[in-house]
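Protein chains in written order, with numbering that gives the first Met the number 0: chain A, 0 to 529; chain B, 0 to 130.
Calculated directly from the structure, the hints in this document are not laboratory data. Be careful, since some hints might not be right.
[To be verified] One side only, chain A facing chain B, incomplete, derived with CB under 8 Å:
(1) Met94
(2) Leu102
(3) Ala161
(4) Tyr344
(5) Ser422
(6) Gln426
(7) Gly432
(8) Val439
(9) Glu490
(10) Phe520
(11) Tyr523
(12) Glu525
Positions of the beta carbon are idealized from the N, C-alpha and C atoms, including for glycine.
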Amino acid sequence: MKAAERQFTTISGVPIEPVYGPEQLAGLDPQRDLGQPGEFPYTRGIHRDMYRGRLWTMRQFSGFATPEETNRRYHYLLEQGQTGLSVAFDLPTLMGYDPDHALSEGEVGKCGAPVCSLEDMEILFRGIPLGDVTVSMTINSPASVLWAMYLAVAEQQGVDWARLSGTLQNDILKEYIAQKEYIFPPRPSMRLVTDTIEFGARHTPKFNPISISGYHIREAGSTAVQELAFTLRDGIEYVDWALERGLAIDEFAPRLSFFFNAHSDFFEEIAKYRAARKIWAHVMRDRYGAQLERSHKLRFHAQTAGCSLTWQQPYNNVVRTALQAMAAVLGGAQSLHTNSLDEAYALPSEHAVTIALRTQQVLAYETGVTGTPDPLGGSYFLERLTLETERAAQDYIDRIDGMGGMIPAIDSGFPQSEIAAASYRYQREVESGERVIVGVNRFQSDDQPIELLQIDETAGSHQCAKLAALRKRRDQSRVQKSLDALKLAAEGTENTMPRILDAVRAYATLGEICDALRGVFGSYQEKAHI
Amino acid sequence: MPTPIRVLVAKPGLDGHDRGAKVIARALRDAGMEVIYTGLRQTPEMIVNAALQEDVQVIGLSILSGAHNAIVPRVLELLREKDMGDVKVIIGGIVPDEDAEALKKQGVAAVFQPGASLDSIVEFIRSAVAA
Numbered sequence: 000m001k002a003a004e005r006q007f008t009t010i011s012g013v014p015i016e017p018v019y020g021p022e023q024l025a026g027l028d029p030q031r032d033l034g035q036p037g038e039f040p041y042t043r044g045i046h047r048d049m050y051r052g053r054l055w056t057m058r059q060f061s062g063f064a065t066p067e068e069t070n071r072r073y074h075y076l077l078e079q080g081q082t083g084l085s086v087a088f089d090l091p092t093l094m095g096y097d098p099d100h101a102l103s104e105g106e107v108g109k110c111g112a113p114v115c116s117l118e119d120m121e122i123l124f125r126g127i128p129l130g131d132v133t134v135s136m137t138i139n140s141p142a143s144v145l146w147a148m149y150l151a152v153a154e155q156q157g158v159d160w161a162r163l164s165g166t167l168q169n170d171i172l173k174e175y176i177a178q179k180e181y182i183f184p185p186r187p188s189m190r191l192v193t194d195t196i197e198f199g200a201r202h203t204p205k206f207n208p209i210s211i212s213g214y215h216i217r218e219a220g221s222t223a224v225q226e227l228a229f230t231l232r233d234g235i236e237y238v239d240w241a242l243e244r245g246l247a248i249d250e251f252a253p254r255l256s257f258f259f260n261a262h263s264d265f266f267e268e269i270a271k272y273r274a275a276r277k278i279w280a281h282v283m284r285d286r287y288g289a290q291l292e293r294s295h296k297l298r299f300h301a302q303t304a305g306c307s308l309t310w311q312q313p314y315n316n317v318v319r320t321a322l323q324a325m326a327a328v329l330g331g332a333q334s335l336h337t338n339s340l341d342e343a344y345a346l347p348s349e350h351a352v353t354i355a356l357r358t359q360q361v362l363a364y365e366t367g368v369t370g371t372p373d374p375l376g377g378s379y380f381l382e383r384l385t386l387e388t389e390r391a392a393q394d395y396i397d398r399i400d401g402m403g404g405m406i407p408a409i410d411s412g413f414p415q416s417e418i419a420a421a422s423y424r425y426q427r428e429v430e431s432g433e434r435v436i437v438g439v440n441r442f443q444s445d446d447q448p449i450e451l452l453q454i455d456e457t458a459g460s461h462q463c464a465k466l467a468a469l470r471k472r473r474d475q476s477r478v479q480k481s482l483d484a485l486k487l488a489a490e491g492t493e494n495t496m497p498r499i500l501d502a503v504r505a506y507a508t509l510g511e512i513c514d515a516l517r518g519v520f521g522s523y524q525e526k527a528h529i
Numbered sequence: 000m001p002t003p004i005r006v007l008v009a010k011p012g013l014d015g016h017d018r019g020a021k022v023i024a025r026a027l028r029d030a031g032m033e034v035i036y037t038g039l040r041q042t043p044e045m046i047v048n049a050a051l052q053e054d055v056q057v058i059g060l061s062i063l064s065g066a067h068n069a070i071v072p073r074v075l076e077l078l079r080e081k082d083m084g085d086v087k088v089i090i091g092g093i094v095p096d097e098d099a100e101a102l103k104k105q106g107v108a109a110v111f112q113p114g115a116s117l118d119s120i121v122e123f124i125r126s127a128v129a130a
């Protein structure tokens, strides 16, 4: 009796056929399902020429220890050929705490740059012309505050806000689902996000006020389909809230941006990006009646998968990152971050981040994959996988619609439990050896220790000392007035951004501003389930 | 029937990355242990109080933020203060080798770094509690 053929699946568990040919594409209508690059539904890419016209932005996520040291790293990366900045903040900053808060102990500067006041933001961007360099900031719950600090620095530099280009992550829904960096409960948080979208539509036409993210959902252990579906459904939620606010779809939709993971299963990832563009184009045009092409086009940043990096044999991570980066490029990303080889251990050393940047440069200049848009279009396997990914993601979107939207879904624990189940299944596959991770459960060998970036407790004491000095020299009554005005705005319905800007300009701290908002909105407690 | 081993799985500090903690909690449960998962944003005080109330034999701390040197000694100190020195403390997460050695000298029973298998953690807990 013939032994059963081994089942091949993508990393997410989608079965892969022994061979793909024209039969797999029966029912595919190239005009309807693909279009040309730069044409609805943008499956093949949002521009007619893609990288022939302009390369993706090489944008390395970066931040550590102090704003001073981070500023040095930014200058280094720009000198090495990076084409956009991306700010990583430390946990106290992400969570709206000043460095002298009890919960900040041991955490200052460890996972990113600490920024607790406009002074820190000034230092972070010293010598960097914000009118000329695009800046992405990975900040969520207190995003309005950090954005206000950035806008205030631009103001100091004499840069018209209408020229500013960059991105604020500001995607609170995925915090409840995956990254868990929430402060306030969902509804007040959505109000803050809507405030930034509205403010951006009026004042920063070239800035993306939100980066609707799947990266973190994937890192938490979701499948590719879940990453795609939950991200796009989050997007739909933000659109609904902005429309509820009274904005017209074409007023803000062109500036919605996205952020996806570039994980290890090469073809699954490319299919995911293509399906993402197609689904979103239809959502914008057919669900919302958006007229502008720019509203239909899904623009995204990609980051190679942090969760795929191994502690064992860290140099293998250079290879993983390169292959994942290639998937992102073949998938048409507008912006890309490549992980460093040492990131299973620590934040990137200068040496490691240089290799990561060079990886993008080799991809861009030596491989030829930039010569034509969607070079893998027409592949039987890829087109089949794109269609299947689209259908599976649409199923999830419909299910969440049926639950009343993403907030009821989050309240009921739906996306969280899907992710927990997927991540457990994946770990079981690794345990059994069914899923091979080179160097970890197969092909082990001895390792040489690598040199790591060291961040010690002096970052914390440095930041606390600076903060103490700031508190002494600022106009305390101006600070208090601004916090009182902010509280009033938060209690009502006016857009909070102007009040946050006033507070920031008065050198109110992040902790003080967030405490004012905590006083109005309350704090969120997640129901702990496994 | 032997009473199941009771384990508290906790996320101390501000780090919200709970994929590992949740997978471990589930694996320990599948292995027949009784697992209490504290959820996020636990202070050392909250963790030790929960351990006391739940009468656990093992505390598992999940830390990926680099804050282990500030948090773990505080947990150990509180356990000593409350005369809970027989509770085994194990850590999972991003802890460099030198720090792991230092923490073990301070009383941590084991440090599981990235790539550690679920089975090895289950086995360690079983033998540590039996000892």
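Each hint, compared with the structure:
{"no.": "1", "hint": "Met94", "result": "holds (5 Å)"}
{"no.": "2", "hint": "Leu102", "result": "holds (6 Å)"}
{"no.": "3", "hint": "Ala161", "result": "violated (35 Å)"}
{"no.": "4", "hint": "Tyr344", "result": "holds (7 Å)"}
{"no.": "5", "hint": "Ser422", "result": "holds (5 Å)"}
{"no.": "6", "hint": "Gln426", "result": "holds (5 Å)"}
{"no.": "7", "hint": "Gly432", "result": "violated (10 Å)"}
{"no.": "8", "hint": "Val439", "result": "holds (5 Å)"}
{"no.": "9", "hint": "Glu490", "result": "violated (26 Å)"}
{"no.": "10", "hint": "Phe520", "result": "violated (17 Å)"}
{"no.": "11", "hint": "Tyr523", "result": "violated (10 Å)"}
{"no.": "12", "hint": "Glu525", "result": "holds (6 Å)"}
The structure fails to meet hints 3, 7, 9, 10 and 11 from the earlier list, while all remaining hints are met.
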